[in-house]
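Given the sequences, and given the hints that come with them, work out the whole structure.
Sequences listed follow chains P and B, in order. The letter at position 58 of the first sequence is residue 58 when you use full-length UniProt numbering, and the numbering goes up by one with no holes. The letter at position 169 of the second sequence is residue 169 when you use full-length UniProt numbering, and the numbering goes up by one with no holes.
Where hints are given, some of them may not hold.
Residues from chain P that face chain B, not an exhaustive set, calculated with beta carbons under 8 Å [claimed, not checked]:
| no. | residue |
| --- | --- |
| 1 | 1 |
| 2 | 5 |
| 3 | 7 |
| 4 | 18 |
| 5 | 19 |
| 6 | 23 |
| 7 | 75 |
| 8 | 76 |
| 9 | 83 |
Derived DSSO-like pairs: lysine-lysine, alpha-carbon spacing no greater than 27 Å straight-line [claimed, not checked]:
| no. | chain 1 | residue 1 | chain 2 | residue 2 |
| --- | --- | --- | --- | --- |
| 10 | B | 94 | P | 74 |
| 11 | B | 125 | P | 74 |
| 12 | P | 156 | P | 116 |
| 13 | B | 167 | B | 125 |
| 14 | P | 52 | B | 125 |
I should point out that these hints are in silico values taken from the structure, not numbers from a laboratory. Every residue gets a Cβ at the ideal spot worked out from N, C-alpha and C, and that includes glycine.
Listed below are the residues making up each chain.
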Amino acid sequence: MEMINAEIFTLTYGSMVRQLIADHEDVEEVNAQLDKMGFSIGQRLIDEYLAKSKTQRCSDFRETADRIAKVGFKMFLNTTATVANWNAEGTECSLILEDNPLTDFVELPEQLGALKYSNLLCGVIRGALEMVNMDVECAFVRDVLRGDDVYEIRLKLLSSSTEAYPFKDDD
Amino acid sequence: MFQSRGSVGIVDKPFSRQGKQEVALSSFSYLFGEVVQYCQSRVSNIGELERKLDEVGYGVGLRLLEVLCYRERAQRRETRLLDMLKFVHSTLWKYLFGRQARDLEQSNTAEDEYMISDSDLFVTKYVSVPREMGHFNPAAFVAGVVRGVLEGAGFPARVTAHYVPVKDQARPKTVILMKFQHYSAIMQREQRIPG
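Structure, rendered in structure tokens:
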């Protein structure tokens, strides 16, 4: 995989968030826009992930979450996450990130306390999983920029369906 | 203007990983693609689109100047124009693209215009420009970075990116054209610097 200096990536993301904040007045709109952009990135990223990692189909949600944390994050962000806090049915879990390359050098001012700076990541995960027929809800519950000590993304599986072929055999 | 909320300010944290951290090129390409799409949705013509990309690059350039001067150049920032150009040509390019830029030359027609040229910038590797968009150059982002670096150092300039076809090469090379403003004032300022 071709690698580039991570700081350009970090600075470009920061510049983009600055543009979004300047263009929209409401912080919630910026959050929604970041999620939407992440969603369309995720829809394309899943192809690259599947091609490069040559994995078989995941057997259940646990394995999915594990693959995202270990393989996915490593491949694209060069950092790993850990999976924790499973609920009883195995449909909800947390991805815990120690360091997040998107937020190097970033400090949130008081006025933007409601900004979910790394919301792009949530959109990416949601978009990628949707393309493999898994509907999930994805949100940050702990964020270093807001004063916590790690980044925690809560991942909730809503529904998953099997592959639907776009054509009928009878025709 | 903005109040800091943390007890440890961002400038007190150590530079832990010293610029060696790497990230996949594809992540940057996805992000850049989204940036271009977002800018496209908010403008009505190519000139504005290039200007928006230039704005995004400008913010990056301003901050890169600080980081690079602190890290690479033993905390000294160049004050002469030619030294600054050499800084952009070697240090900045090496940081961004892993190698020095191909050429640095002064324009024949105007003495306040300089050009840096290079080919195959990774920024535009996965961006293809449809024919309807004519001469749009997504390397306007790189031009914005250079503009941020130059203006941050006190050399205001208009920087633009152009495609120039090259003989024996399939793809055109990208030329970053820098037109310095207040060139005579800059030259006078240099005269006053001792040594």
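Looking back at the hints listed earlier, which ones does the structure fail to meet?
When the structure is compared with the hints, only number 9 turns out to be violated.
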